[in-house]
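Peer 1: Assemble the complex: chain A is given as a structure, and chain B must be docked to it using the hints.
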Amino acid sequence: MTYPVSTTQNSLAISISGSGGTGAVTVGLILLEAVAKAGFYGVMTRSFGPQIRGGESAVMLNLSDQPIETLAEFSHIHLALDWLKFERFADEIPLTQDSLVIYDNSREKPPGLVETSGAKLIGIALQNAVKTVKDSRMNMFALGVLAQQIGLNSMSIEAALKKTLGKKGDAVIHSSLEAIQAGRQLISDSYYAVLSNWQPTHQPRWNISGNEACGLGVLRGGLKLAAAYPITPATDIVEYLAPRIEKLGGRVLVAEDELAAMNMVIGGSFGGLPSMTATSGPGFSLMTEAMGLAIASETPALVVTVMRGGPSTGIPTKSEQTDLNQVLYGFHGEAPHVVIAPLNVQEMVTISQWSLGLAEALQTLVVEVSDQHLGQSRVIIDPIPPVDFKLKRLLPAATSSDYQRYQLTQEAVSPIAWPGTPDTQYTADGLEHTETGKPSSAAKDHQQQLAKRAQKTTQFDYGERWAKLTEIENSTRMVITWGSSYEAVRAAVETLNQQGERISLLGLRLLMPLQTQKIQALTQGKAIMVVEQNASGQLFHYLLSDNAIPQNSQSIAEAGPILFKPSTVHAALTDCLETLK
Amino acid sequence: MTHASQTPLEKIAIKTVKPTEYLSNVHPVWCPGCGHFFILRALTKALAWLKLPKEQIGLVSGIGCSSRLPAYLNVYGFHGVHGRALALASGLKANRPDLTVLVAGGDGDGYSIGGNHFIHACRRNMDMTYIVMDNEVYGMTKGQPSPTTPSEWQSKLTPNGIGVARFNPLGIALAAGASFIARGFSGDPNGLTKLITEAIQHKGFSLIEIKSPCVTFRPEEKEWQKSMRSLNISPSSNPAEAAKAIYSSDGFDTGIFYQADLPIYEPSNTPCDAPADTLAEIEKDLSV
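Residue numbers (the numbering used here), protein chains in the order written: chain A, 57 to 637; chain B, 5 to 292.
Chain A on its own, in the form it takes in the complex:
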C-alpha cells in the first residue's frame, strides 16, 4: 500500500525560507491571515536555526478549504528568499517533481539537493525588484509572487497586511502594497492558482497558535495569576496572557527562576485564586519539588509544559513527545496528580480550561502537556464556543465549626478556606499531617492522607473528555496515540480505512490517572499499535505496565524533531499491519 498524494481534502502546501532579516516568517503570517480572509483554512509551522536573530528560518503552510492541522507531504511551492543553510530544512521541506521552487536569481544558485529533487525551478530578480519601489522590502515582492501563484485576491492580502503590519504606519502599508502588486507581475504563469476553485466559507474563524489557545483557555477558566520564568517554547503562553489577564483582574509575575515560579503559583493559589505556570522540560525539572508540595498540601496548581527535544538543553526550538515519563514519574514519594494532553490546537482552548478547572475542583497538581509543534503552530479554526465546566473549589460551609482543612470525606476532597475568612485559619503543609493540618509522622495519618490524595483523583468522574475515540464497526485493530501525533495518525488511519482496513483510533487525553479499565474494554480482542514521537515508546510502556493493552501490542515510536506526516505514520502502520497478517 502506498500513500495516496491526493486525499479527500483539497490542500495546497507552501514553504518559505530565508536567513534572518529577510522576513520569511512575516510573509507566512500575512499569507495565512490573507488566505483565512479569503474564506479558507490553514496551518503554519515554523522552523528556526539556533540563532536568536540573524539565523535562518522557514515557515511551512498547509492551506485548505476545510479545517486542517496536518502537515503537508511536500511543498507545492517553495519560495527561497536566499539559500543560506537551506540544507538544515531539507528534511522539513520535502521537494518533489511536483514542486515549484522560486528563488532570487541575483544571488547564489540553488543548492544541489534542490536541483536533484526534480522540482521546477524559476529564478526571479527579487533584489532588483526592490529598487523599483521606494522603501520596499524584498519579502513583500515574494508575497505578491505567492499570491499570484495560488490565485489569492488582492483584497484579502491588503486586509491581512493592514492587520499584521498596521502598527508600522501608512507609509509601510503603501510601499508594501505597491511591492506586492509588482511581485504579482514577476512570473507570467500561475502554476497553482487553485484557491479560485475552492468553496470559501463566510463563517467567522480564528487565527490562533496553540500557545495562544492555551492562554485563552485558562483565561476562560478564571486564571488570576501566571508566574513564570522565560523558556522556549513556552514563553508565548505567558506573553499572550500578560496584556490580557490584567483586564480580567489577574496578573503575571516574572519569577527569578523556575523554583520561584512554581512556589509563587502555590502561594497565589493558597490565596484563593486560580494560578498557573508555563514551562518546558528543563524548567519542569526544577519545579518538581514544589509540585510535590502542591500535591501534599492539596493546593490547586496548573503547570503547562511545552515539550521540546531533550535531554538537557536538547533542541529548544523543535518538538518531541519526550517528557511523558517526566510528567508521570518525576516526583519523590507517592505523588498522585492529573496529567492531561490536548490532541490538537483546535481543542487546546477547551482542554486548557478543563485542566485549570480540574486543579481547582480536585485541589491538586494538574500538568497539561503540550509540545513545540502544538504550541507554536498557527491555525485557522472555527471559533471555539465557551463551556461551563462548573469545576470550582469546595469552600467550607458558612457556619463551619471545628474546621479541618484535610478532613477525610466521601469524595476525598476537603473544603479549602479562603484566607481572610474568620475561624477557618489553617496551616497548609508539605509535612505529612493530620486532618487538621498538624504535622504528624504517625503511620495512620500518613496512610489516610496518602489514600485521600490518591482517591480524589481516581474517584472523580472525568466524563467523555478522557479520550477521543473513533470506533470502526467490526474492527480488529486499534491505534492509540496522544498529543501532537494525533492529527497525522488520524489522517493515516483514515487513509488506511479508505484502502479497506478496519482500524479504530483512540487519542488519549487523560494520561493520569490512567483510565485502565476503559482502555481495556476498548482494546480487548484487538491488535493494538501505539504511535508516539519519542525514541523509547514512553506511552507504549506506560500502557503495557498497567496492563491497559495486551502484551503483544506493537510500538511505533520515533524520536523528534522531524514532525510526523500522515505518510510517515501510514508507512509505519502498513509495516506493522504486515506483521499482524
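Bear in mind the hints are in silico, worked out from the structure with no lab data behind them.
A portion of the hints provided could be inaccurate.
[Said to hold, decoys possible] Here are some chain B residues pointing at chain A (derived, C-beta under 7 Å):
#, residue
1, Gly-81
2, Ser-94
3, Gly-95
4, His-124
[What the hints assert, rightly or not] Derived lysine to aspartate or glutamate pairs resembling DMTMM-like cross-links, with alpha carbons at most 25 Å apart:
#, chain 1, residue 1, chain 2, residue 2
5, B, Lys-288, A, Asp-438
6, A, Lys-446, B, Asp-281
7, B, Lys-226, B, Glu-156
8, B, Lys-207, A, Glu-302
9, A, Lys-494, B, Glu-59
10, B, Lys-55, A, Asp-458
11, A, Lys-303, B, Glu-156
12, B, Lys-288, A, Glu-302
13, A, Lys-219, A, Glu-143
14, A, Lys-218, B, Glu-287
15, A, Lys-303, B, Glu-59
16, A, Lys-508, A, Glu-529
For each residue, glycine too, the CB sits at the ideal point set by N, CA and C.
Peer 2: Coordinates of chain B only, in the frame set by chain A:
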C-alpha cells in the same frame, strides 16, 4: 516614616487583644531554652499590639527549626519546601494584597538554599515582613555550618571549620533593594516586639535578622546576651550611611539600620470579577 521610639510599648498591656489569641494548640518542637520561643512570644505581642485580625494574616515558611512557626500560630499559614518561602509569599501577596504577609525562616533556609529568592524578594520590595531567626547553624539536621556560621566553627561535617567567610545578610539586603533592614535579638523581647511592629507597619519589604541562640548545637551562643546592644543611631534612609552602619557593626548591634520609602512592586489588582464582555473583547482579537 515611623521610628522605633514612637511605638508606645508600655500600652501593650492594656490592649484588649491578647497575644495568646494568636497561638494555636500545637506545641513547638524546639529544644528547651531555644531562642525561637522568645521570637514566637514577641511576634504574638506585636500582632496583638497592632490588633491584626488573625484571619487577615498569611504566614509563610520554608524548612528548618524556625520554619515550623506557622503551625504554632492561629493564622493562615503555609509550611512549604526548603528555601522557597519568599517566592511562595510573593505569589500570595500578588494575589491577595489585602493580607498582612509574614515570612519566617532560618539562616540556612533564607541565605543558602533560598539565597536567590532572598535577593529578588528584596529587589521586588513587595509589602511583606521577613523574619529570619538566625542561629548560625543548621539545627534540624543536627549541627552543620550555615552561611552565617563563623569560618572556623568545627562540626562533624567540617572538622576543621568550613573555611569560608560568613556573609552579611543586612549588606546583601541593602544592595538588593530591601526598604527596611533591622537586626533584633531573641533575648530582648521588648526591643524585638517593637522591631516586629515597626517592620509590619513599614510599607515595603522588611527584613528583621534576629539573632537567636541554638542552645543545643551552638551552646556558646548563650554568651550573646552579654554582647548585644541597642544601635545608638537612628535609622537612615540613605543607603550609603546605612551601609556604613551595617559594615561598621560587629554584628551585636540591634535596631533599624535602614528604612526608606522605595517603590513597592504591586502587580495589577483590578477587581476580581471583571465584566464578561472583557473576555469577549479579548476573543475578538482572534477573529480573521
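Peer 1: Take the hints in turn and mark each one as holding or not.
Peer 2: Here is how each hint holds up against the structure:
1. Gly-81: holds (3 Å)
2. Ser-94: Since the shortest Cβ distance to chain A is 6 Å, the answer is holds.
3. Gly-95: Gly-95(B) check passes; min Cβ-Cβ to chain A is 3 Å, inside 7 Å.
4. His-124: Constraint on His-124(B) satisfied, holds at 4 Å.
5. Lys-288(B) / Asp-438(A): holds (13 Å)
6. Lys-446(A) / Asp-281(B): Cα-Cα ~20 Å, so holds.
7. Lys-226(B) / Glu-156(B): Answer holds: Lys-226(B) to Glu-156(B) is near 18 Å, not above 25 Å.
8. Lys-207(B) / Glu-302(A): Cα-Cα ~23 Å, so holds.
9. Lys-494(A) / Glu-59(B): holds (18 Å)
10. Lys-55(B) / Asp-458(A): holds (24 Å)
11. Lys-303(A) / Glu-156(B): violated (56 Å)
12. Lys-288(B) / Glu-302(A): holds (17 Å)
13. Lys-219(A) / Glu-143(A): violated (33 Å)
14. Lys-218(A) / Glu-287(B): holds (19 Å)
15. Lys-303(A) / Glu-59(B): violated (28 Å)
16. Lys-508(A) / Glu-529(A): The hint is violated at about 40 Å.
Violation of the numbered hints given earlier is confined to hints 11, 13, 15, 16; the remaining hints are satisfied by the structure.
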